[in-house]
Amino acid sequence: MALVACALLAAASPRCSAGPVAASDVTVKAEPDSLFAGERLNYLIIVRHDGRRSVAVQNIQAGPATSFEVAGRSESTRRLPDGSAELRVSVDLAAFGSGPQRLPGFTVAERRDARSKESRFSFRPASSVVVMAMTDSTMTQLRPPAPPFGPGYLPWLVLVPAVALVLLLAFAVFSFLRLTILKNSAGGFIDPSRFARQKLKSLDRQLTKGLAPTEGYEALSNILRQYLQYKYRFRAMEQVTQEIADELASREVRAREVVLRLLLRADFIKFADGRPDIGECRSSLKIAMAFITGTPEQLDALAQEAGEAQEAPGGEPAAKTTE
Amino acid sequence: MKQETELEALGREIAQESVFLDTAREALSSRIIGQKGVIDRVLIALLANGHLLLEGVPGLAKTLIVRTFASAMDLSFRRIQFTPDMLPADLIGTMIYNPKEMEFHPRKGPVFANVILADEINRSPAKVQSALLEAMQEKQVTIGDATYPLSEPFMVLATQNPVEHEGTYMLPEAQLDRFMMKVMVEYPSYDEEIEIMQRASASAVEDELPPVVRPEQIFRARRLVDRIYVDQRVQRYIVDLVMATRYPDRNGLETLAPMIEYGASPRASIFMLLASKAHAFLQARPYATPEDVKSIAYDVLRHRIRPSYEAEAENLKAEDFIRNILEHVQVP
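Chains as they are written, first to last, in my numbering: chain A, 7 to 329; chain B, 4 to 335.
Among the hints, a few may not be true.
Not close to chain A: a few residues of chain B, all C-beta gaps over 12 Å, as computed [to be verified]:
#, residue
1, Ser32
2, Pro91
3, Asn101
4, His108
5, Lys130
6, Ile146
7, Gly147
8, Thr150
9, Gln201
10, Ala203
11, Leu212
12, Pro269
13, Asp295
14, Lys320
15, Ala321
16, Glu330
Ranges of calculated distance between the beta carbons of each label pair, as one might list FRET restraints [as the list claims (entries may be wrong)]:
#, chain 1, residue 1, chain 2, residue 2, range
17, A, Met243, B, Ala260, 18 to 24 Å
18, B, Glu315, A, Lys207, 51 to 57 Å
19, B, Glu198, A, Thr220, 46 to 52 Å
20, A, Gly285, B, Glu315, 54 to 60 Å
21, A, Met243, B, Ala92, 51 to 57 Å
Read the hints as simulated data drawn from the structure, not as lab findings. Virtual Cβ for every residue (Gly too), placed ideally from N, Cα, C.
Kindly produce the complete structure, drawing on both the sequences and the hints.
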């Protein structure tokens, strides 16, 4: 439904008079004739003239103090078959307020040529549009204009943020997993026995390739300390052998004598410049492996062996570690 | 195997020569109840040729420990009570004019003894405390124009009371740094206190402890301590600990960095090495281990780390930092 408001103050004339433009030459149309506050209407102003004049529509009375706000404007002039011309000014108006709102007035300016004097007259249409208020009737702020996208862009508008969100989530999951793996590799949750076994096997291979037994003992000591640290959750890497002995005793670790004997021997080799042979180093490696992988019965047997070996005469000099 | 054989030989020598320490310990224990840790630290300082600062509240037998130690070792002993009106000359001596000969003669002060007990050292002003600097570091004293060497062994055992602050003068850092160890003298246990009480209430006056150790034994022991093997790994561990007091953030202790105003000096590394060797000697071991280092770390480092204002506000002490550092620096 469209309201065509023809403000023909004089009788409708099919031809334009050949003279100055008058109010009778102005026609206005507004579409739609009813709308919600904040919506837009198309306000078409048509001014007919003899085609030899310069005509302009100025000062459309829309703005903060009125019920209308200009949202866009375009104009064109076309020549009619009878030789006259028509100025068509199309104005997009946002409507506010509520109830019938009279269409905004404007000024028509015209002059014959550049040397003649400009004449102006104001025009106020009598017709109005009905504005249905969705909000407070005092609302005069312009609604955000509709996005200048056609319906073809809409899938992209959804797709691009969705893809970005998925990528972000994937990155977060990756970072979390990476952190977890790093933590595990530092001994957080991985099986300390498996880790120590792998290291011992690697050490065995290195000894075969010619690693010095002294360095082998140092590596063995570090593997054992690391194993104890992650298996029994105490800072074995920063503790001396006596402190480790106390920690293991407080946790009642089976066959702790075995590991302490190995650590004491490693201490002697490291700090007293001891020179073990490759056979002794390999033997210690096997004992360490047995300590790490052994069943409770095997560990008890190992502890007994270690106890007997300690009682046997001729140990390393001054293996006394307690004060 | 050559090195091992040498160590074994050194181990045998140490086992023979360190017997006198057990005798000394027994003798000291007969007069001093408890305080075994303090006695061990005194012996370490004696073996490592260092000086000791004893800190503890009054009545914990600090003076008795030093007096008994000196008499058990057959060493000359002088007790100097530091007071606010004391002058450096009261400590090191002065030149006295002899009117008959019309000449100045040196009168040596109480510092000329083997064992000096500087009792309540923080009661004297800095100039008197500093008068001890030359004696402690150079083992000599200058009176007038002449320099006099001090007798060997020379050992300063100073005491101070941590509770009283009125009328005391904090030891300057240069003075503090010259003490090999600062030992905290703790309260005795319940049973020890009962024994102390019973002994003190007995009317019989105890005779002075007869000497049980000859100075020659001390010199021989010192030579053996010098020969104790300290592996590069242990030396690096010592330096790691000392560096951690200076740059805690490099050792994953970022939170400590603003809490430490300044860390331990290179003298700390030297004294840690010497004290570790002496500690190994006490264990009759011919080589030092990280256990020796850890055992003496608190005593060597505690007076060389200055907590910052923030640390004081948080009621954190040097011991807290040392504990943290020992828990974070990897043992070789």
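Verification of the hints:
no., hint, in the structure
1, Ser32, "15 Å, holds"
2, Pro91, "40 Å, holds"
3, Asn101, "55 Å, holds"
4, His108, "50 Å, holds"
5, Lys130, "41 Å, holds"
6, Ile146, "43 Å, holds"
7, Gly147, "48 Å, holds"
8, Thr150, "41 Å, holds"
9, Gln201, "28 Å, holds"
10, Ala203, "29 Å, holds"
11, Leu212, "24 Å, holds"
12, Pro269, "23 Å, holds"
13, Asp295, "9 Å, violated"
14, Lys320, "21 Å, holds"
15, Ala321, "19 Å, holds"
16, Glu330, "6 Å, violated"
17, Met243/A <-> Ala260/B: 18 to 24 Å, "22 Å, holds"
18, Glu315/B <-> Lys207/A: 51 to 57 Å, "52 Å, holds"
19, Glu198/B <-> Thr220/A: 46 to 52 Å, "49 Å, holds"
20, Gly285/A <-> Glu315/B: 54 to 60 Å, "58 Å, holds"
21, Met243/A <-> Ala92/B: 51 to 57 Å, "55 Å, holds"
Taken one by one, the earlier hints fail for this structure at numbers 13 and 16, listed in ascending order.
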